[in-house]
Amino acid sequence: MHRTVPSLPLAPSVKVKLINAGFQVASDLIDMRPLQLCKEVGISQQEAVEVLQMLRDDGQPHQQRAATESLTALDLLHQEQALGSIVTFCSALDDALGGGLPVGKTTEICGAPGVGKTQLCMQLAVDVQIPVCFGGLGGKALYIDTEGSFLVQRVADMAEAAVQHCTLLAEDTEQRQALEELTVEKILSNIFLVRCHDYVELLAEVYLLPDFLSEHPEVRLVVIDSIAFPFRHDFEDLSQRTRLLNGLAQQLIQLATQHSVAVVLTNQMTTRVSNGQSKLVPALGESWGHAATQRLILHWEGLRRLASLYKSPSQMEATIQYQITVQGFRDAPDEPRPTPATSAVSSPSGNHSKHPRMEDRS
Amino acid sequence: MVILREGICPGVNEEFIKALQSEDIKTVEDFVSCNPEELAQKCSLSYKALVAVRRVLLAQYTAFPVSGADLYEELLSSTAILSTGNPSLDKLLDSGLYTGEITELAGSPGSGKTQVCFSVAVNISHQLKQTVFYIDTKGGMCANRLLQMLQSKTPNMEEQMEALQKIKVLRVFDVFSLLACLQNLRSNGLQKASVGGGSVKALMVDSVSAVLSSMLGGKQNEGMSLLMQVAGELKMIAKDFNIAVLVTNHVTKDGNGHLKAGLGQSWSHGPRTRVLLQRIEGAGTSSLRTATLTKSSRQACHLVEGFDLCHWSEERRTSISGKRKLEERSKP
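Here the protein sequences come in this chain order: R and Z.
Numbered according to the numbering used here, the first sequence spans residues 1 to 362.
Numbered according to the numbering used here, the second sequence spans residues 1001 to 1332.
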């Protein structure tokens, strides 16, 4: 064992006592009995037991392998090709993202209110369930709602549209068989919904996620809508907020990698004033910008909705247009001004919409 | 610090150790720093035995002094300079990444740090045919992108696969795993990799601030210790194995609103060379970036070079200075 004592994941007070007693390397400690350690170092019996337990776990073959095992980029390439991505049903966005939302990475979706972040998240929760024979992932989704904007009726409409879309595409028997099982009820039952009311609940939920994902290995998508809301209200200590968010980001990317899920986070926008000009930028601060692997910014340009890929390790930056229809998140029509006949833009459940829809204007 | 244990050298038995412990002497350091005469008076041990043990321990555990001339010879023969593949960046770094040193890239999100790391890794594995270790802490490693870059360099599939095999990826997501990983590399990982054929010449950590920034600040008292341990490990790896270490860092704003690299003053002593990457204002979504040298022991600071992320090996005839030059480049 070549770990030095200061680098072990133990409480700082215990480490200080260990170092004062002269222990510098983990291999010094490994042959000690708890009582012996207790006397020599001056820590309580329970702490001594914890220390030795931690060292023993560390020495386990699978833990060691995790720290030492290196994949070659070639192995990683095969892995990535096997993981796949989640389509968004907007072909322009899928192309910009390189096939869809990548599994195994965290994606952040930022946008002003009403631009379509929650719509996109709900669409993804439906799209992740498209059967493998249709080119989807056939997985389940976990939706963590912090704002209360998850509407089951809307998801049901999107699910129905998705089923119809697949029905039109079905060509061979395998696809038709899969289609028989794909019903709106099934789709809704495969979305696990969690409602978090403040940041403590959110942190607790993320802490419990590894166990949840181990119990449900078919989950391929985790959506947190939104991650900004609980952290923007009643938070006095901003540096603590940054630390919590950074820790959260690392936990999420660890989940994404170890359990092969796509993690989607929704963020809000804030105004930055500089040189007498104001600009809309993603909220939660500068350092949060480093947290997600990919960043998608949704914004308005007049009446058009645009999505910009702002940060990605594998794709070039691009801006594409999309629209929200009854069926969900879709490509924008080719005509410059959509007429009421061709675009079916409406809020189906008749609830209050955050931004006037195109029909109202024309 | 080595603990005094039985059998550490002839003459050190249990009674010896017990007698020393009663005088609060637990480690070799404590023992050799004590005066043997005084010690012989305080404990019931013979002066002769103490002096004998002291001599053996000193011989075993002291470091050897090395003359400056020898050190210089060693440095000349063992340091290598790894080209990054991009002429502008090479110019900025005084012809490339030096082995035995840490080079840091800082930049805001989307400024291209990960892309630069990829380009350098691809250049080292394909052009220079050396093994690269890539520690990814943010999930930004995308083998598809590496393949894309290789495909633009050579159409030969075998060469591409060979180059991909020379890039070894380790994924760790918190600081303790990072330390475990680095310590493991130092003790046997790097040797194993070099035995397999092809020496390891570069280690990249992307990014080091992702794992450290949540540990610094507030009421936490461990953050600085962990930061210095990471810096120490990286330096030891760079020096002992003659490896060029490239790390990425985030940026924060200083009092005047200017960008500066994150992680504070203590970390800033770790890397020998620091580069700040920025997008070009007003260029929209282009792949042009500027690199500013913020710390260097070889070149004047605040040198700026511009380069294009998309055309890595091309030379930019002029450095960034005004829109006219940009327009010239876009002419067919």
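Do not rely on the hints blindly, as some may be mistaken.
DEER-style ranges, computed between Cβ atoms [claimed, not checked]:
{"no.": "1", "chain 1": "R", "residue 1": "Asn20", "chain 2": "Z", "residue 2": "Met1224", "range": "34 to 42 Å"}
{"no.": "2", "chain 1": "Z", "residue 1": "Glu1006", "chain 2": "R", "residue 2": "Val16", "range": "54 to 62 Å"}
{"no.": "3", "chain 1": "R", "residue 1": "Glu50", "chain 2": "Z", "residue 2": "Asn1256", "range": "52 to 60 Å"}
With a straight-line Cα cutoff of 35 Å, these simulated DSBU-like cross-link-like pairs (lysine-lysine) come out [claimed, not checked]:
{"no.": "4", "chain 1": "Z", "residue 1": "Lys1091", "chain 2": "R", "residue 2": "Lys15"}
{"no.": "5", "chain 1": "Z", "residue 1": "Lys1219", "chain 2": "Z", "residue 2": "Lys1091"}
{"no.": "6", "chain 1": "R", "residue 1": "Lys279", "chain 2": "Z", "residue 2": "Lys1239"}
{"no.": "7", "chain 1": "R", "residue 1": "Lys15", "chain 2": "Z", "residue 2": "Lys1219"}
{"no.": "8", "chain 1": "Z", "residue 1": "Lys1042", "chain 2": "R", "residue 2": "Lys39"}
{"no.": "9", "chain 1": "R", "residue 1": "Lys279", "chain 2": "Z", "residue 2": "Lys1295"}
{"no.": "10", "chain 1": "Z", "residue 1": "Lys1042", "chain 2": "Z", "residue 2": "Lys1192"}
{"no.": "11", "chain 1": "R", "residue 1": "Lys15", "chain 2": "Z", "residue 2": "Lys1026"}
{"no.": "12", "chain 1": "Z", "residue 1": "Lys1260", "chain 2": "Z", "residue 2": "Lys1235"}
{"no.": "13", "chain 1": "R", "residue 1": "Lys15", "chain 2": "Z", "residue 2": "Lys1239"}
{"no.": "14", "chain 1": "Z", "residue 1": "Lys1042", "chain 2": "R", "residue 2": "Lys15"}
{"no.": "15", "chain 1": "R", "residue 1": "Lys39", "chain 2": "Z", "residue 2": "Lys1048"}
{"no.": "16", "chain 1": "R", "residue 1": "Lys17", "chain 2": "Z", "residue 2": "Lys1042"}
{"no.": "17", "chain 1": "Z", "residue 1": "Lys1153", "chain 2": "R", "residue 2": "Lys17"}
{"no.": "18", "chain 1": "R", "residue 1": "Lys186", "chain 2": "Z", "residue 2": "Lys1048"}
{"no.": "19", "chain 1": "Z", "residue 1": "Lys1153", "chain 2": "R", "residue 2": "Lys15"}
{"no.": "20", "chain 1": "R", "residue 1": "Lys17", "chain 2": "Z", "residue 2": "Lys1235"}
{"no.": "21", "chain 1": "Z", "residue 1": "Lys1295", "chain 2": "Z", "residue 2": "Lys1260"}
{"no.": "22", "chain 1": "Z", "residue 1": "Lys1091", "chain 2": "Z", "residue 2": "Lys1239"}
{"no.": "23", "chain 1": "Z", "residue 1": "Lys1192", "chain 2": "Z", "residue 2": "Lys1253"}
{"no.": "24", "chain 1": "Z", "residue 1": "Lys1219", "chain 2": "Z", "residue 2": "Lys1235"}
{"no.": "25", "chain 1": "Z", "residue 1": "Lys1048", "chain 2": "Z", "residue 2": "Lys1091"}
{"no.": "26", "chain 1": "Z", "residue 1": "Lys1091", "chain 2": "R", "residue 2": "Lys39"}
{"no.": "27", "chain 1": "Z", "residue 1": "Lys1239", "chain 2": "Z", "residue 2": "Lys1260"}
{"no.": "28", "chain 1": "Z", "residue 1": "Lys1235", "chain 2": "R", "residue 2": "Lys15"}
{"no.": "29", "chain 1": "Z", "residue 1": "Lys1048", "chain 2": "Z", "residue 2": "Lys1026"}
{"no.": "30", "chain 1": "Z", "residue 1": "Lys1253", "chain 2": "Z", "residue 2": "Lys1239"}
{"no.": "31", "chain 1": "Z", "residue 1": "Lys1129", "chain 2": "R", "residue 2": "Lys17"}
{"no.": "32", "chain 1": "R", "residue 1": "Lys17", "chain 2": "Z", "residue 2": "Lys1239"}
{"no.": "33", "chain 1": "Z", "residue 1": "Lys1219", "chain 2": "Z", "residue 2": "Lys1192"}
{"no.": "34", "chain 1": "R", "residue 1": "Lys39", "chain 2": "R", "residue 2": "Lys17"}
{"no.": "35", "chain 1": "Z", "residue 1": "Lys1091", "chain 2": "R", "residue 2": "Lys17"}
{"no.": "36", "chain 1": "Z", "residue 1": "Lys1260", "chain 2": "R", "residue 2": "Lys279"}
{"no.": "37", "chain 1": "Z", "residue 1": "Lys1219", "chain 2": "R", "residue 2": "Lys17"}
{"no.": "38", "chain 1": "Z", "residue 1": "Lys1235", "chain 2": "Z", "residue 2": "Lys1153"}
{"no.": "39", "chain 1": "Z", "residue 1": "Lys1026", "chain 2": "R", "residue 2": "Lys39"}
{"no.": "40", "chain 1": "Z", "residue 1": "Lys1239", "chain 2": "R", "residue 2": "Lys140"}
FYI, nobody ran anything at the bench for these hints, they're computed from the structure.
Beta carbons: idealized from backbone N, C-alpha and C, even for Gly.
Hints and how they fare:
| no. | hint | result |
| --- | --- | --- |
| 1 | R:Asn20 / Z:Met1224: 34 to 42 Å | violated, 18 Å |
| 2 | Z:Glu1006 / R:Val16: 54 to 62 Å | violated, 26 Å |
| 3 | R:Glu50 / Z:Asn1256: 52 to 60 Å | violated, 47 Å |
| 4 | Z:Lys1091 / R:Lys15 | violated, 45 Å |
| 5 | Z:Lys1219 / Z:Lys1091 | violated, 43 Å |
| 6 | R:Lys279 / Z:Lys1239 | violated, 46 Å |
| 7 | R:Lys15 / Z:Lys1219 | holds, 17 Å |
| 8 | Z:Lys1042 / R:Lys39 | holds, 24 Å |
| 9 | R:Lys279 / Z:Lys1295 | holds, 32 Å |
| 10 | Z:Lys1042 / Z:Lys1192 | violated, 50 Å |
| 11 | R:Lys15 / Z:Lys1026 | holds, 17 Å |
| 12 | Z:Lys1260 / Z:Lys1235 | holds, 22 Å |
| 13 | R:Lys15 / Z:Lys1239 | holds, 28 Å |
| 14 | Z:Lys1042 / R:Lys15 | holds, 31 Å |
| 15 | R:Lys39 / Z:Lys1048 | holds, 31 Å |
| 16 | R:Lys17 / Z:Lys1042 | holds, 26 Å |
| 17 | Z:Lys1153 / R:Lys17 | violated, 55 Å |
| 18 | R:Lys186 / Z:Lys1048 | violated, 86 Å |
| 19 | Z:Lys1153 / R:Lys15 | violated, 50 Å |
| 20 | R:Lys17 / Z:Lys1235 | holds, 27 Å |
| 21 | Z:Lys1295 / Z:Lys1260 | holds, 11 Å |
| 22 | Z:Lys1091 / Z:Lys1239 | holds, 23 Å |
| 23 | Z:Lys1192 / Z:Lys1253 | violated, 42 Å |
| 24 | Z:Lys1219 / Z:Lys1235 | holds, 28 Å |
| 25 | Z:Lys1048 / Z:Lys1091 | violated, 63 Å |
| 26 | Z:Lys1091 / R:Lys39 | violated, 59 Å |
| 27 | Z:Lys1239 / Z:Lys1260 | holds, 27 Å |
| 28 | Z:Lys1235 / R:Lys15 | holds, 23 Å |
| 29 | Z:Lys1048 / Z:Lys1026 | holds, 20 Å |
| 30 | Z:Lys1253 / Z:Lys1239 | holds, 32 Å |
| 31 | Z:Lys1129 / R:Lys17 | violated, 47 Å |
| 32 | R:Lys17 / Z:Lys1239 | holds, 31 Å |
| 33 | Z:Lys1219 / Z:Lys1192 | violated, 41 Å |
| 34 | R:Lys39 / R:Lys17 | holds, 11 Å |
| 35 | Z:Lys1091 / R:Lys17 | violated, 49 Å |
| 36 | Z:Lys1260 / R:Lys279 | holds, 22 Å |
| 37 | Z:Lys1219 / R:Lys17 | holds, 20 Å |
| 38 | Z:Lys1235 / Z:Lys1153 | holds, 32 Å |
| 39 | Z:Lys1026 / R:Lys39 | holds, 14 Å |
| 40 | Z:Lys1239 / R:Lys140 | violated, 49 Å |
In this structure, the earlier hints numbered 1, 2, 3, 4, 5, 6, 10, 17, 18, 19, 23, 25, 26, 31, 33, 35 and 40 are contradicted, and the remaining ones agree with it.
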